[in-house]
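Participant: Model the full structure from these sequences, guided by the hints.
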Amino acid sequence: MQAVILAAGEGNRLRPLTRSRPKVMIPVANRPIIQYVIDALLENGIRDIVVVVGYRKEYVIRYLNRLDVPIQVVVQERQLGTADALRSAESEIAGDFLLLPGDNYISAESIARIKGERNAMLVAEHPSPSNFGVVVIRNGWVREIIEKPEEAPTFTVSTGIFSLTPDIFGYLHTNELPDALSSMLESGERIRAIPAADWQDAIYSWDLLKMNGRMLRSITPEIGGSVSSNVTLRGTVRIGTGTTIGPNTVIYGPAIIGDDCMIGAHCVVMPNSSIGSRVKIEPFTYVADSLVMDDVAIGSHSRIVSSVFGQGSVLGDHCTTYPRQALFEVGEGVLKAEFGAVLGDGVKAAPFTTFKNCVVGNNVIVEEGRVVVGLVEDGVKVI
Amino acid sequence: MCGIVGYIGRREATPILIQGLKRLEYRGYDSFGIATVGSSIEVFKKQGRISESEAGAVSLAGCIGIGHTRWATHGEPNDINAHPHIDCRGGVAVVHNGVIENFTELKRQLIERGHTFRSDTDTEVIAHLIEEHHHGDLLEAVRATVPHLRGSYALLAVAAHDRRIVAARDCSPLVLGIGDSELFAASDMTPLLDHTERVVFLEDGDIADISADGVEIYHQGEKVQRPVELIDWCVEDARKGGFAHYMLKEIFEQPQAFYETIRAGVDETVRNLVLSADEVTLVACGTSYHTALIFKYLAESLCRIPVRVELASEFKYYTPPISGLAVAVTQSGETADTIAALKMAKAHNCITLAITNVQGSTITRVTDGTLLMRAGPEIGVAATKSYIAQLAALMQLINIRCGGVFDEVLSHAHLAIGEVLMRDIQDAVALCRGAEHIFFVGRGPFYPVSLEGALKMKEISYVHAEGYAAGELKHGPFALLTPVTPVVAICPPGSTYGVMVSNIKEIKARRAPIIALGVDGDSELAEIVDIFIPLPDTHLLVQVLTSSVVLQLLAYRTACALQRDIDRPRNLAKSVTVE
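Each protein sequence line maps, in turn, to chains A and B.
Per the numbering used here, the first sequence runs over residues 1 to 383.
Per the numbering used here, the second sequence runs over residues 1 to 579.
Keep in mind that the hints were calculated from the coordinates and are not lab data.
Remember, predicted model here, so these are calculated numbers, not experimental data.
Glycine is no exception: its CB is placed at the ideal position from the N, C-alpha and C atoms.
Incorrect hints may have been included.
[Stated by the list, open to error] Residues of chain A clear of chain B, computed beta-carbon distances all greater than 10 Å:
#, residue
1, R15
2, A83
3, A108
4, E186
5, I219
[Stated by the list, open to error] In silico EDC-like pairs for lysine to aspartate or glutamate, Cα to Cα no more than 20 Å straight-line:
#, chain 1, residue 1, chain 2, residue 2
6, A, K348, B, D520
7, B, K296, B, D520
8, B, K240, A, E151
Facilitator: Written as structure tokens, this is what we have:
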């Protein structure tokens, strides 16, 4: 069986993190989200994989090329929609195939449930179904798909994972896939609804923290770097090669630290933390429930809690993230969310900065001692 | 130039040879050919590069074979001059990379002795010489042949009814790959990556007797042992993947090439060589010459050490007074002119250092120390990631001389390179694609950056481009400025900023359109130029890198717009192993 992974979209609700990489390439537990999808397919023996790339495609292709399994890449020149993305892969598809979004986590068991089916979709329950295609099911068959409704009739949503036959190409009249499925239903075709075993999406940047915690549960322990003798490690901890951990540091897993990092003395890394490669953390800094990407530098005596730090961000000493609940303007609506801070790539913060439940754009510069709240656009100087 | 491959083992040789030749196409693609030993010697050769249809159509039988992809030196590129070459009776086939300097003389003698020549190549004399000395033992025949040859060669020979390949090298590269009951030979490691990671580098003067079970190497008649080394390149790096061109792939690999080179650091030998030098001479060709020039600008001002930069191809024709540290900069480690220049420096009692991308390459055998850059295999003919990795290596030398003050700058430089890869330069491309001439100007270290920008533009887009020190434009080239001659100006802040801005205004007054590279937020500059491309506001060392990358992208996108054959620009080959 073939599989088509859609990896062309930006995932703009995750901005500012998607400026230099598409959503599928955002690292969660130090691996891009698309890797989890590929792994689930491989575990099911599905090796004929087509990936549709588009937005920042060079980064996706570079990553895919380095995998052991050969992957067919197709380019969607303009990101018009999911149906258009599928259409660009049409020439590569020979028979029945699985269609998956590359930017959600899906378990191998879920794939096993759907892979033999002809015209089926994986569905899942979600507390806020309005962000998804809501699926009305009767006797295990899909009756209706309502795309992002304001008032959802049920909590069952589409995971975007389908088992399809090449007939689907006859229904791609618009650029959106849900339209094609609706017209399939209208013409009398039947689509089975199969509940997913485990599936997770990150809609907004702070949702990545939950996904990160979930993915950290499946890491394997390994100590690749040089760890001082009096470091305390507890739980599942994975440390990459070339990383040095200073004396008296405490790491409670599940936690992962990438390659070539320098974690100073007397640091504390609490559970559900991912630290990328080439990250430098100065002594006496506390990190918990956070996702720190590559090349970040954090000064001493800092406190990083429930935060996402984009690649190459540099924070001075005594920087604090302060988790609390606040309201965010997202698109048309307002959303309540609780987290510390989401920083884009290349944010520079001087010592004594406090981030209070904020989303900070790429390359923002913060001067000494400021308190940053709310949304800060790319490239802004906070003075 | 040219690339050669050989295979002996249990599998059919043809597909392995064809695949190997495709990997070596960057060394030349005027013609290709293979010969296999089955019941007799079979040969297939053809002008032009290997197309998909032909690759499938070649079906020579046999588990022993040799192949060749050619960059023409002697004799025009046609079917007859393509390698392999065979002797009069068709009992011996030879592929050869290098130049036989005394071939006219040898050819005359051989014709007098009754040999019939088919091609105009220098290589064919080797086939006939082996024929003369061949009395059933191919190894002995090659041994007896090589003393007659003057010049450079890496050659593979096979004979009918003889289940082995005999290889010989002198001044041209040859690597053996050790597989499982099979052996491979190639001009460099790229064709071997598919099959094995264990390699043996042959030395100049070595003759190797290769059979499926193993290899025996002889040097000056004595049997010798050469160490088996492990290569750390992976085959994925040598594949194009989903990229439109190798060049684009390699442009996007530059952040990694830079930080890998920085991370690998500098060994103690090289560190001591650099710290103890009181003057430095760099020899290089092409793009490497430009990186050497950038080093001169940066090192002389930052570490107060006199630096001289010489074109390797010129260096050996005069004898400059030379002392101190001599550094050869070459991606392949095989550039003939650079090796010759370095040998000359060595003859002047200079301490020598090689900066190269290829482990085990010829230059590393000549020098006192080697600083490897970690770019991985570079396949695109236009140098991109090797340029950035060379700068990484050279900047490390500066950092060492300055006591590590640039540690922080260098360890974060790859982020800035990644940043400029996202720049939208469509307006600049639209301007360049319609131009007949383009000027690139800069001052200080940005002068060699301009030279490199112009080189990339000519090399792959075939648009005539010249790099100038901005102040020199007034001394002549101004006469060429017209409203359809774009000028690309690199104008970051610093000591040269003010005078660059006045240069730009002078150019503007001649109504030439200007594309300027300046730092993000420089509204003064953005207002006076036609197209402004912002660079991240970073350290001088990093601006050299980011501006270079933008110029690479400009050349690449312009060449795309003009539909040029980017990975195989006409008349060019990657490693220039002839002088």
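Participant: When the hints from earlier in the document are held up against this structure, which numbers fail?
Facilitator: Going through the list in order, the structure violates hints 7 and 8 and respects the others.
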